[in-house]
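Protein chains in written order, with this note's numbering: chain A, 1 to 151; chain B, 1 to 130; chain C, 1 to 608.
It is possible that some hints are incorrect.
Result set (SDA-like, lysine to any residue): computed pairs, CA atoms no more than 25 Å apart in a straight line [as the list claims (entries may be wrong)]: (1) 38(C) / 110(B); (2) 141(A) / 561(C); (3) 34(C) / 42(B); (4) 134(C) / 25(B); (5) 413(C) / 541(C); (6) 31(B) / 110(B); (7) 100(B) / 114(B); (8) 100(B) / 110(B); (9) 136(A) / 72(A); (10) 12(A) / 255(C); (11) 34(C) / 114(B); (12) 54(B) / 131(C).
Hint data in this document are derived by calculation from the structure and do not stem from the laboratory.
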Amino acid sequence: MSDQRTSAIVEKYGTDESATLSALQDLQEEHGYLPREALLDVSKRMEVPLSRVLSLATFFNAFSLKPKGKHHVNVCMGTACHVRGSQLILEKLERELGIKSGDTTPDRNFSLDAVRCVGCCGLAPVIMVGDTFHGKLSQAKVPGVLKKYGK
Amino acid sequence: MPKLTVEDLKKIREKTRRTTMLREGGEHRAKITVHMGTCGIASGARDIMNALIKEIEARDITDVILTNSGCAGLCSREPMATVEMAGKAPVKYVDLTAEKIKEVLEKHVLGGKIVESYALGIGSEKTDLS
Amino acid sequence: MEEKEKAYRLHLMVCAGTGCVSNHAFEIKGALEKEIKKQSLENEVLVVTTGCNGFCERGPLLVVQPGNIFYQQLTEKDIPHLVEEHFLKGRPVQKLMYTPPKEKTPIPVLSDIDFFKGQVLIALRNRGLIDPEKIEEYIARDGYTAMAKALNEMTPEGIIEEIKKSGLRGRGGAGFPTGVKWEYVRNAPSTNGGVKYLVCNGDEGDPGAFMDRSILEADPHSVIEGMVIGAKAIGASEGFVYVRNEYPLALSRLNLALKQAREYGLLGKDILGSGFNFDIKVHRGAGAFVCGEETALLHSLEGRLGEPRPRPPYPAEKGLRDQPTCINNVETWANVPVIISRGANWYSSIGTKTSKGTKVFSLVGKINNTGLVEVPMGISLKEIIYNIGGGIPEGKEFKAVQTGGPSGGCIPKEKIDLPIDFESLTEAGSMMGSGGMVVMDEDTCMVDVARYFLSFTQDESCGKCTPCREGTKAMLSILTRITEGKGTEGDLVLLRDLAESIKDSALCGLGNTAPNPVLTTMQYFMEEYETHIKDKKCPARVCRQLNTYIVDENTCVKDGRGCDLCKRNCATDAILGEKGKAHRVVQEKCIKCGVCYDVCNFNAVKIE
Numbered sequence: 001m002s003d004q005r006t007s008a009i010v011e012k013y014g015t016d017e018s019a020t021l022s023a024l025q026d027l028q029e030e031h032g033y034l035p036r037e038a039l040l041d042v043s044k045r046m047e048v049p050l051s052r053v054l055s056l057a058t059f060f061n062a063f064s065l066k067p068k069g070k071h072h073v074n075v076c077m078g079t080a081c082h083v084r085g086s087q088l089i090l091e092k093l094e095r096e097l098g099i100k101s102g103d104t105t106p107d108r109n110f111s112l113d114a115v116r117c118v119g120c121c122g123l124a125p126v127i128m129v130g131d132t133f134h135g136k137l138s139q140a141k142v143p144g145v146l147k148k149y150g151k
Numbered sequence: 001m002p003k004l005t006v007e008d009l010k011k012i013r014e015k016t017r018r019t020t021m022l023r024e025g026g027e028h029r030a031k032i033t034v035h036m037g038t039c040g041i042a043s044g045a046r047d048i049m050n051a052l053i054k055e056i057e058a059r060d061i062t063d064v065i066l067t068n069s070g071c072a073g074l075c076s077r078e079p080m081a082t083v084e085m086a087g088k089a090p091v092k093y094v095d096l097t098a099e100k101i102k103e104v105l106e107k108h109v110l111g112g113k114i115v116e117s118y119a120l121g122i123g124s125e126k127t128d129l130s
Numbered sequence: 001m002e003e004k005e006k007a008y009r010l011h012l013m014v015c016a017g018t019g020c021v022s023n024h025a026f027e028i029k030g031a032l033e034k035e036i037k038k039q040s041l042e043n044e045v046l047v048v049t050t051g052c053n054g055f056c057e058r059g060p061l062l063v064v065q066p067g068n069i070f071y072q073q074l075t076e077k078d079i080p081h082l083v084e085e086h087f088l089k090g091r092p093v094q095k096l097m098y099t100p101p102k103e104k105t106p107i108p109v110l111s112d113i114d115f116f117k118g119q120v121l122i123a124l125r126n127r128g129l130i131d132p133e134k135i136e137e138y139i140a141r142d143g144y145t146a147m148a149k150a151l152n153e154m155t156p157e158g159i160i161e162e163i164k165k166s167g168l169r170g171r172g173g174a175g176f177p178t179g180v181k182w183e184y185v186r187n188a189p190s191t192n193g194g195v196k197y198l199v200c201n202g203d204e205g206d207p208g209a210f211m212d213r214s215i216l217e218a219d220p221h222s223v224i225e226g227m228v229i230g231a232k233a234i235g236a237s238e239g240f241v242y243v244r245n246e247y248p249l250a251l252s253r254l255n256l257a258l259k260q261a262r263e264y265g266l267l268g269k270d271i272l273g274s275g276f277n278f279d280i281k282v283h284r285g286a287g288a289f290v291c292g293e294e295t296a297l298l299h300s301l302e303g304r305l306g307e308p309r310p311r312p313p314y315p316a317e318k319g320l321r322d323q324p325t326c327i328n329n330v331e332t333w334a335n336v337p338v339i340i341s342r343g344a345n346w347y348s349s350i351g352t353k354t355s356k357g358t359k360v361f362s363l364v365g366k367i368n369n370t371g372l373v374e375v376p377m378g379i380s381l382k383e384i385i386y387n388i389g390g391g392i393p394e395g396k397e398f399k400a401v402q403t404g405g406p407s408g409g410c411i412p413k414e415k416i417d418l419p420i421d422f423e424s425l426t427e428a429g430s431m432m433g434s435g436g437m438v439v440m441d442e443d444t445c446m447v448d449v450a451r452y453f454l455s456f457t458q459d460e461s462c463g464k465c466t467p468c469r470e471g472t473k474a475m476l477s478i479l480t481r482i483t484e485g486k487g488t489e490g491d492l493v494l495l496r497d498l499a500e501s502i503k504d505s506a507l508c509g510l511g512n513t514a515p516n517p518v519l520t521t522m523q524y525f526m527e528e529y530e531t532h533i534k535d536k537k538c539p540a541r542v543c544r545q546l547n548t549y550i551v552d553e554n555t556c557v558k559d560g561r562g563c564d565l566c567k568r569n570c571a572t573d574a575i576l577g578e579k580g581k582a583h584r585v586v587q588e589k590c591i592k593c594g595v596c597y598d599v600c601n602f603n604a605v606k607i608e
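Taking the hints into account, I'd like the entire structure generated from these sequences.
This is the structure we're talking about:
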């Protein structure tokens, strides 16, 4: 992990406390998660109590305190996806990858999360792998999708 | 980038009228159909289309729709085009060249007078494509 | 700016809304451009990317102008043929056109298709007609003229009067009259030298609703123009758009639109020479449903935890940085310019007595034509579901429609003739909400739906007030128990009591309305709850703990099949049998995932 990347982001915001959230968003984007050191850095250099930094980092779904896999799989759990069977898709993915939702495979190739509606309801049920959508899925189609990403 | 005034807004709208007319199916003065079957293309229909596009652009005509259709069934007289003035019977022009189609545009489409020397006939069967 | 506009004979409008993009719309665009070049048509045919066309079910989509020819479900393989046949030789390709379910003849022209025919576009007026990344195309469609009129010819009071007269009500949920809100903010005293703020709520959190995303993607300038008009009315010089983190495309198109508007002087100082100053900043959400609640949203804008606070004081009095703040959602803002240019009388002639204008709905779930539709208020559910939506797939029976997201409720098929407006939906126990419409058929379990929404609100509860934090948790555990066949009759009484007390005592809208999905399903589908509790059965066979999967051995081996597909797909080796012979499910090993049921081509797997 490069401290320089963190520093560059934190420096940009100075000690403006109301910018803490924005700084965390940038850090999440930069690292793919919020490393412990980065949170400490934000607290120290932006002069915000660590408890406040941590409360923001755990309140919002966009933040993760754990590193994500190379391929981040997000399963849409919106209503349209739900009535078309997204829970079964999520469980199928958990079985195929051998991890629970929220975790990362030991080889760091995949991480799996359930997310709120991604707004692609016309294609339900939908998963996203990185920025790529895979729609109109079924349990039987799941292995084929994962295969494309080196499973 | 200059800051716009209310006048500038109007100018932008004027300038893009052709686009809005085309996309929204607004009132148009005429529709010109160039017949683009294999035979039409082989005998130069593409040149006719290109000449029309250039001319329409140069004269800044915004209310004429250009379209193409398949073979008109009279391969020996290609390239052909059909001009339909709003509310009038279509007129088929045959044995066209770039020069001739410009003349048709000038005299018939803009001037309202059929160029009889190039016309095959008036009120021929209607094309239902497009 | 001075050169002449280039003439093309054809414009190919490629839908680049999120739905189509995920169906590879950009690959289609690339293939079109490549093929057009190959046929040397690049000076005749222009490829344009537009925002969401609405008919997401059929993506990727292409509309050819002039002529309004509608192509759907395109693949890259189709493109060479399409370009040669239609764009070169002028023969539209029938097999790529839309054929309605149960019919044989394709419909070539977009406006003849039922899905589009019944729609009236105001908020979505530019969809499919402009490239959202080109401000000139927005201006060409009379964009920014309403703003020019408001800034140069109208007084703030005049603008407010016009909006009040139009009857426009907030499209984000509660339906508060927009003009009245503006008047409050205009008259509210500011403690900071007259500073007032204006906010566009684009934190579209209701699962199943995506109209705000679509508007921001397809027509960002309509929102900007609406906001400038609102700013003049209330006297604000600074505005914010709060966009959901999950909408990257909407974010980038909005940012680009703001940049273009600024460059043209349509935002910033002395807009259009009127002396009026106003600018807009974008704030990216961080993924919390509760931030759609206006006080939580304001906290989040200030960089704080997105927790709501009690109202009053309302944001109109004390909002962002404690100053009077006007918050409206994306769709509301997009309506404003049309009202100003076409007049309140025109607008209020559309709709019902109490709900004027149109509403955008996202039509999703068990319906043939999923997508985004804009219809006049007062249209019946039946028209939306059967005429526009094309009915329920696979000949299944319509059961209910869920509106209003986690705050709304389910409306049963008995009420299918209900004319839709703010009041009628509330009377039916649901609400308009942001306009999500999730259609459910006979295979949807209403108890499971109630449990789904409770798990959503429970998870998204910010935890600040006890009724919501603890109450939703208790309700969820009761509902889970019922879906697992462990419910008792006392549960229903308990559920109702909890629901009523949460409704009365929670701090914000999220909590107050959280029990709605449970209350409406109990009101209309009590027999389903009872079947789960008394018979330990799920009539729709959704609640898996109550299902038993078995293979009908006769069907399985009929004609020497015994295809082995179920066994190969079974995750836990719970299916025994060999190719050509009958298969059997070992119940102790079965985790009831239902994959055998899904993959069996001969309907040999049964659920009991």
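How the hints compare with the structure:
1. Between residue 38(C) and residue 110(B) the alpha-carbon distance is near 33 Å, which puts this suggested pair outside the 25 Å criterion.
2. Taking the CA atoms of residue 141(A) and residue 561(C), the gap is near 23 Å; set against the 25 Å cutoff, the hint holds.
3. Distance restraint check for residue 34(C) and residue 42(B): the Cα-Cα separation of roughly 22 Å lies within the 25 Å cut-off, and the hinted pair is therefore satisfied.
4. Restraint check for residue 134(C) and residue 25(B): satisfied, since their Cα atoms lie roughly 20 Å apart, inside the 25 Å limit.
5. The suggested pairing of residue 413(C) with residue 541(C) holds, with an alpha-carbon distance near 20 Å, which does not exceed 25 Å.
6. Using a Cα cut-off of 25 Å, the hinted pair residue 31(B) and residue 110(B) holds, with the two alpha carbons roughly 12 Å apart.
7. Restraint check: the Cα-Cα separation between residue 100(B) and residue 114(B) comes to about 12 Å, which is no more than 25 Å; the hinted pair holds.
8. Among the hinted pairs, residue 100(B) with residue 110(B) is consistent with the structure: their alpha-carbon atoms are about 14 Å apart, no more than 25 Å.
9. Distance restraint check for residue 136(A) and residue 72(A): the Cα-Cα separation of roughly 19 Å lies within the 25 Å cut-off, and the hinted pair is therefore satisfied.
10. Between the alpha carbons of residue 12(A) and residue 255(C) the distance comes to roughly 20 Å, so the proposed pair stays at or under 25 Å and holds.
11. Proximity of residue 34(C) to residue 114(B) is assessed by CA-CA distance (about 39 Å); at most 25 Å being required, the pair is judged violated.
12. Restraint check for residue 54(B) and residue 131(C): the C-alpha separation of about 24 Å stays at or below 25 Å, so the hint holds.
Hint compliance for this structure: hints 1, 11 are not met, and every other hint is.
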